[in-house]
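The hints should help you fit chain B onto chain A, whose structure is shown.
Protein chains in written order, with the working numbering: chain A, 1 to 181; chain B, 1001 to 1467.
Derived from the structure by calculation, the hints contain no laboratory data.
Hints are not guaranteed to be accurate.
Heads up, simulated DSS-like pairs for lysine-lysine below, C-alpha to C-alpha not over 25 Å straight-line [what the hints assert, rightly or not]:
#, chain 1, residue 1, chain 2, residue 2
1, A, Lys7, B, Lys1462
2, A, Lys147, B, Lys1378
3, B, Lys1439, A, Lys106
4, B, Lys1011, A, Lys99
5, B, Lys1257, B, Lys1231
6, B, Lys1378, A, Lys106
What follows is a list of derived Cβ distance ranges for each label pair [what the hints assert, rightly or not]:
#, chain 1, residue 1, chain 2, residue 2, range
7, B, Gln1435, A, Gly86, 35 to 41 Å
8, B, Arg1330, A, Glu114, 41 to 47 Å
9, B, Gly1372, A, Arg141, 27 to 33 Å
10, B, Gln1034, A, Val31, 50 to 56 Å
Model, not experiment: these values are computed from the prediction.
Using N, Cα and C, we set each Cβ at its ideal position, and we do this for glycine too.
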Amino acid sequence: MSTENRKIIFTGPVGAGKTTAIRSISDIDIVTTDEQASDMAKARKPATTVAMDYGMIKLGENERVHLYGTPGQERFNFMWDILTEGGIGLVLLIDNSRKDPQQDLKFYTHAFKEFIAAQQLVVGITRMDTHRVPNVHDYRRWLDQLKIKAPVFEVDARKRDDVSMLIQAMLMSLAPGAEIL
Amino acid sequence: MIDKSKQNTLKVCLEDVGAHNRAILDFFFAKLGQHVFRCVDTQEEANVLLIDYDFPPARQRFESEYQQWQKPALILSISEVSIENAIWLAKPLTSRALLDAAGVLQQQLANSPQMQTSANPSANLIFQQSSGQSFVATTRPVLQRPPIQELSAATSVPLVDKLDEKMAAESGVNTQHSPTDSGSETFSVDTAKGISSSETSVSASLVDQPPPLPAQSTVDEPPPLPTESEKNERNLLLCGNQQDLEASAELSDDFYKDDSFFLSSLKDAVRLARQCQQGVLLNFPDARIYVLPEIHRIFCGIDTQDSEFTELISACNVKDGGKMHILSTREIHELNDMISQQASALYDLESFVWTSTLLSAQGSLPRALDPGKSVGLKHWPSLTRLENFPHVLPIAAQWSASAMSAFDIAKSLNIPQRYAFSFYNAANSLGLIEQDPDKLINTQSAPRPKDAPRGLFSRLLKRLVGG
Chain A
1 MSTENRKIIF TGPVGAGKTT AIRSISDIDI VTTDEQASDM AKARKPATTV
51 AMDYGMIKLG ENERVHLYGT PGQERFNFMW DILTEGGIGL VLLIDNSRKD
101 PQQDLKFYTH AFKEFIAAQQ LVVGITRMDT HRVPNVHDYR RWLDQLKIKA
151 PVFEVDARKR DDVSMLIQAM LMSLAPGAEI L
Chain B
1001 MIDKSKQNTL KVCLEDVGAH NRAILDFFFA KLGQHVFRCV DTQEEANVLL
1051 IDYDFPPARQ RFESEYQQWQ KPALILSISE VSIENAIWLA KPLTSRALLD
1101 AAGVLQQQLA NSPQMQTSAN PSANLIFQQS SGQSFVATTR PVLQRPPIQE
1151 LSAATSVPLV DKLDEKMAAE SGVNTQHSPT DSGSETFSVD TAKGISSSET
1201 SVSASLVDQP PPLPAQSTVD EPPPLPTESE KNERNLLLCG NQQDLEASAE
1251 LSDDFYKDDS FFLSSLKDAV RLARQCQQGV LLNFPDARIY VLPEIHRIFC
1301 GIDTQDSEFT ELISACNVKD GGKMHILSTR EIHELNDMIS QQASALYDLE
1351 SFVWTSTLLS AQGSLPRALD PGKSVGLKHW PSLTRLENFP HVLPIAAQWS
1401 ASAMSAFDIA KSLNIPQRYA FSFYNAANSL GLIEQDPDKL INTQSAPRPK
1451 DAPRGLFSRL LKRLVGG
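Excised from the complex, chain B in its bound form:
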């Protein structure tokens, strides 16, 4: 037990802690931990750092920044972490573990005032805690991250828990944790303090944290620019080559192309991941797609620029899988390893959905989207991170300015309809299209200058695009 009369409040700064985990910790600091911890805003004020080691890019930042701060740290992680001057707290985190660690830190700080400002090798007490075990103090002066293993053919594809598979087969979508999940061991704060069930359920995200990302401290080398013919070929794949239609003509069934099985499965997986704010694995025989909502990423081993990806989109069907489930702890570990070895397979979530939609439709529209109906663009897509195709920027600007139909967009910009259809479809997949223009936020509070210098704008645009 912590002797409250003797303790000094630990000034703790949270670093690389996701919004959900931060909320849980804030709750803890406000209740059970209020006499022990005081959360501060900056590392300068803090005498203890609390770092979620599973949160990207905590590992990289630890090596480049946190160690230089030379302050003791509490490290939260699923897997064991042995670092100088740090105490590892295993997830799922318990209030008891936090309080016990605080007690140790307080004692250290009381005995060794210098520890606040300098890393003291003699005080390198590393504590390991596992469920049901007491602290064990050892001295480990060297940073020991879990080794990155060469993936063998047997381990490169994570094995899905059989129970998961069974449940997935039965229900199509499995939202339960596998038995290997430690999600059932939630943040077990004193129930006498009245923590709500919603708060305890949120704490599962402490377990299923997404894996770390490689930090980009330098500007990436730009890939070689595609040739004109390569660009045309890619645009053909993304937007097809359909001829324009008469807006007044009756659209035949051939015009429409509903979402491929791949795309509808992907959308379901993204929806599920966002709802539960946990990683979801979408499982196809030839590809495993990990949706990671906390970091807004998707991991897919197949390059979206590769023909194999296009084939996957067009070929897979309901017989070939498309089952999904929330990632188990074991799968998160496996994913960590895969990301360490193939960081390029990590895509921005919106970018992956955008490209998948374009490749799936190739300039067509699903039946649910009427090209003659006036709709609005709620928000611009983040075009710096999405795969571009001809006229994408003018389309976004035009649609953002006023609600129009896809036919009218193409007509007003004097561009082939397939580009307007492609934008409509992909933006809709990202939830950026408002079918009811009356619901669009009216933001214009002052009249825009009517005499926009279009000539100068045009010349500046030309300059910016490299003309």
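One chain only, chain A, in its complex shape:
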């Protein structure tokens, strides 16, 4: 019996919590390719993902949901198309403490435009506990302006429940009425 494999992609700017989010829900120790940050990323964290993060959720013997995190820096964007191929949805994490979260939202939704149109986007806003502005309502408004319909949740990437809720919303959006077997 062949193994069925699916992919969920996590993306967002440096320090938004992609690695942490994958770690929160992965069944395996995540594989990460962190390196000492040497550019602008250094101001936000000492090490950053340079190729990708990888985690996995196992569903029985023959089903796997692979979790891929893209590197946050734009210079690695050549990898994004490769990573998204065959993916079922995109989790976009935005760091609310960054200077211009609206620009980040625009940038990533544009970068993954075709994938978002074909699959499902969910947006998680991190660091909202300490940076209350902009708020979730602002993000909804910005998505309206971009003509994108996607759930927007405040999340703490360290909390499994929050990351789980994002993915549940993604799955339910792809298949409304899906039953929990």
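For chain B alone, coordinates are given in the frame of chain A:
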């Protein structure tokens, strides 16, 4: 006066400054302050930090981060702040105060080049400015925040200014500042430079800043999971136990339950707070509810999970208050103290309105919401921060996918109608329901795969919810 020929431009980085105050400061930097300040994006580029100390969580971040940057700072705050290597600028802020402080900083930087990179105790000039007074330089090497006072019974409930009460009694809603507000002393930039009245009015938000929040640097300990019976009991409170109705049947008056007085007052307070972008106090005899739109929070001393809160919602009526007014400076100070002592009483604004709506309606609908009418969901509620009830996620997904009536939602998901009604009502309170489906944004630009692997999705969902 600042001698422009001698000055060096201060590279200032704004930290923890709200959108409104940032706009005001940007205006200042572009006009009067253009020869003195240059706004930069990162702290690395800056030689001066400008921090709004009343903006959450500036205080906490100052202690954990800003001090380590070891750069002089301009601290904006309503109350006096004495911090090493910083100049306190009292709110309401004036352009004169900013320019004078810039002059002092420029002189310091010129005299002591090291000051840009190291905190120099000898240069710990702390300047205090109050209205009408000149700068007074003192040396205060120790961080001196206003002490957190133990609240006595007399001070735990802020006294509402009598004028506020009088005006509230007369008009029902008081949108004026109390005499103790210093909101009248707005950001008084040189009128010769042509600042508009709208810009000066916005500057009132410099005065009525929301209080700071406690920062969460670690993951909170999860509360103990409720038992099954506790969950059922709570769901009963949130969604009631009404039996399903025939969609075609004439709905009786008993079916509808209009917003409680508490809920309608709360909605009015949120509307007012959002319109003026200032904190609003909603005043009941047993509870004071502070709506803080800048930080999207509500402060309420009664736990929304407590039966006392449910009683408040059902019991209070027009005779018991429900008056509201914009927070005065004094009330903001009092609120600061209360938050310091009871941070758990600070709720996400949408979460508070959501829970209040559910508890108020308990599975019923207000007359304005027709369960047979097809409506759409403009946006998903932020379900990670809202109180959940059975089927809330499938309802959101179904309603987001296509405009439907509440009856049809319940039928298509094969769930009790009361859950669809509860979602409809609560989402409507948050402004997420579009009554005219034609106005919904059509976002689908590519066909979705028709062969969504529902089996795998279902198994993954089960896994995610803990099955």
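Each hint, compared with the structure:
1. Between lysine 7(A) and lysine 1462(B), the direct Cα distance comes to roughly 17 Å. Compliance with the 25 Å bound is thereby established for this hinted pair.
2. At roughly 12 Å between alpha-carbon atoms, lysine 147(A) and lysine 1378(B) fall within 25 Å of each other, so this suggested pair holds.
3. For the hint linking lysine 1439(B) to lysine 106(A), the alpha-carbon distance of about 23 Å falls within 25 Å, and the restraint holds.
4. Distance check on the hinted pair: lysine 1011(B) and lysine 99(A) sit about 17 Å apart at the alpha-carbon level, within 25 Å; holds.
5. For the suggested pair lysine 1257(B) and lysine 1231(B), the alpha carbons sit about 24 Å apart, so the restraint of at most 25 Å is met.
6. Restraint check: the Cα-Cα separation between lysine 1378(B) and lysine 106(A) comes to about 20 Å, which is no more than 25 Å; the hinted pair holds.
7. A beta carbon spacing of about 40 Å between glutamine 1435(B) and glycine 86(A) agrees with the range 35 to 41 Å that was offered as a hint.
8. Arginine 1330(B) and glutamate 114(A) have their C-beta atoms about 56 Å apart, which leaves the hinted 41 to 47 Å range violated.
9. A beta carbon spacing of about 30 Å between glycine 1372(B) and arginine 141(A) agrees with the range 27 to 33 Å that was offered as a hint.
10. For the pair glutamine 1034(B) and valine 31(A), the supplied restraint of 50 to 56 Å holds, since their beta-carbon distance comes to about 51 Å.
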